[in-house]
Amino acid sequence: MAELNKGDEPMDATPNVSEVEAAGVAGETEAVAAIEAPVERGEPILQVRNLVKHFPLTQGILFKRQIGAVKAVDGISFDLYQGETLGIVGESGCGKSTVAKLLMLLETATSGEVFYKGQDITRLSGRALKAVRRNIQMVFQDPYTSLNPRMTVGDIIGEPFDIHPEAAPKGDRRRKVQELLDVVGLNPEYINRYPHQFSGGQRQRIGIARGLALNPEIIICDEPVSALDVSVQAQVINLMEKLQDEFNLSYLFIAHDLSIVRHISDRVGVMYLGKMAEIGTDTQIYDHPTHPYTQALLSAVPVPDPEAREGRERIILTGDVPSPANPPSGCRFRTRCWKAQDKCAEEVPLLAVPERFKSSDTPAAHESACHFAEEKDVVHAA
Amino acid sequence: MTTIDKTMSVPGPRGGSESGAPLLEVRDLHVEFHTRDGVAKAVNGVNYTVDAGETLAVLGESGSGKSVTAQAIMGILDMPPGKIPRGEIRFRGEDMLTMSHEERRRIRGQKIAMIFQDALSALNPVLSVGYQLGEMFRVHQGMSKKQAKARSIELMERVRIPAARERVNDYPHQFSGGMRQRIMIAMALALEPDLIIADEPTTALDVTVQAQVMDLLAELQQEFNMGLILITHDLGVVADVADKIAVMYAGRIVETAPVHELYKRPAHPYTRGLLDSIPRLDQKGQELYAIKGLPPNLTRIPTGCAFNPRCPKAEDICRTDVPVLHRVTEQGGGEIAGRGSACHFWKETIHG
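As you go down the protein sequences, you meet chains A and B in turn. full-length UniProt numbering applies: residue 1 is where the first sequence begins, and numbers increase by one. full-length UniProt numbering applies: residue 1 is where the second sequence begins, and numbers increase by one.
Hints are computed from structural coordinates only; laboratory data are not their basis. Careful, some of the hints might be misleading.
Unchecked claim - Simulated DEER-style distance windows between Cβ atoms: (1) A:TYR144 with B:LEU97: 31 to 39 angstroms; (2) B:GLN286 with A:GLU310: 22 to 30 angstroms; (3) B:ASN169 with A:ALA167: 57 to 65 angstroms; (4) B:GLY38 with A:SER226: 28 to 36 angstroms.
Note that the coordinates shown come from a computational prediction; the quantities given were computed from them, not determined experimentally. Even glycine gets a Cβ: it sits at the ideal position worked out from N, Cα and C.
Could you build all of it, start to finish, from the sequences and the hints given here?
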């Protein structure tokens, strides 16, 4: 099993170490403060609190009776800060795309709040909603179905300006669209072409340009590169990172590819069956995971290096994800967990820093929803 | 229940068949498609061999010809518009392309079986899973319905589908993605073939399920000492299961190597670019290396080396001469078993 003494050294937290050293010169008390204070990120731009989405299951034709609900998202809370990327990972059916739809207000939340700059946007409608939507844009997964084949690239990218005419004066739009094409690395002369004349990677660039058109602060990316070839994926990921620096964008990056999420994210949240299992910085999650599900997920990722593979421990989960219409009692992961005990069936574990790590400053001290949280490095060869 | 085990190193290939000829040998295979926009040259001279018990991974992006090669081996290419103008596909020394339809039918399913990517569309939605599995026994071995059903239940247990006896009459949509893929594997294994072609068998699955399915496949392969051709674009999956790798680009094999060698020191700029462009799980990198440009249109493959417009090392010779698959040697000239690179500058790529 995992060696816990490894976690006593903040090996990968190099910025922390230098901070502590610098503070050590100033005095003992300040050094302690430097460890305990969270990294300064300013105000969160988006605060999600207890977000719930249940899709009703009904029976009967005329008199529809509700016989249950698919609990797609069941109480999720997280913050998104200005200029950061929050990655959300999880298997299919865990509710990550529903979260995206809820934040875009494409679905109405059953309960819970989404605060954008302190304002609860789930209750908005009409003009106020339209104003908020301008600042939250989305890039979709499939570049083949998310672009209208009968519209030219210029019309697709310019469409947001029709909805928000105040963003660009009428005569100026063509120039704006060409600028956007240039920003995402496409030839501005392609403005009159149709989507079928572009490759998958180029189409995804068009999708990104459309997302950028209104100068949003938040872009929600739902599996933006999973439909692309490996060599093209890197191009799009690099473009997204460049744009983030240029426009100070916040990304909510939803994907199932854990390697890509680590590459692009500052913080990562792991979802399982509509709940957040673990959330923390990329080093905390990938190098010091404490939730068994995260550990299993990480250990199952094939690493493109045969040498590294041989020393790795692999946790093969049995069975499939249970149905979200009828999730297990207590901890939702307990049916597939090797640590499960009676307590797990009775008590729902809360997403919090585990008690045993609370007093120490190890990277294992991050929020994890497990009764028996324990650090275990599954990514690096033993 | 969950098992935790240390992954052991993959055992090497277990030698060829008794007759001396490899299990499967593809020689100078060409496939083209005649379309309105011209002739798309999907496969342009592919050579590879697979022995019993060996896993060959064919790695490539979409449009590299990896699936078309597999379809040609299985004999399920749509012809027309497909056409095989040249080449040989030898199964145990016999060329399958010159066989009659009846002879090929006897090989297909019994000797060579295929696992498809998307189990939901590969299975018939209006027939029960048990009926579809049993079809193999009824058609190829003339079993009765009752016998076939009994064998189907056995097979489903073999691929670890829980409560197989109760689920044998269920329809494909009643199974989860991982279970459906297990049924596909069961179907391919039904007649204990000598060779299995798996075309992206886990691409549609989640990582935890992907690990289950790949483990099962590797275990069954070892048990029956089958040859396996694994077609994929995922460099991670390949590193986990393959013995040797063939990298394809624009219908040609650009590099062949044993699995450890390829990842340690690639000998083709395309392979190197691919390896550099994937983010790593165990370390946080800086900016990703991106291969510039796009894969070529198969109706207009560039002259010379097909990779030359995207290659950082390209020189004049690359634009005029098609590189052959050079034998890759150590710096001192020593032999490296099984390595080849179709690059004029392979020496510089691997050694310098």
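The hints, checked one at a time:
For the pair TYR144 (chain A) and LEU97 (chain B), the beta carbons lie near 35 angstroms from each other, so the given range of 31 to 39 angstroms is met. Against the hinted window of 22 to 30 angstroms, the Cβ-Cβ separation of GLN286 (chain B) and GLU310 (chain A) comes to about 27 angstroms, which satisfies the hint. Checked against the hint of 57 to 65 angstroms, the C-beta distance between ASN169 (chain B) and ALA167 (chain A) comes to roughly 58 angstroms, which is consistent with it. At roughly 31 angstroms, the beta carbons of GLY38 (chain B) and SER226 (chain A) sit within the given window of 28 to 36 angstroms.
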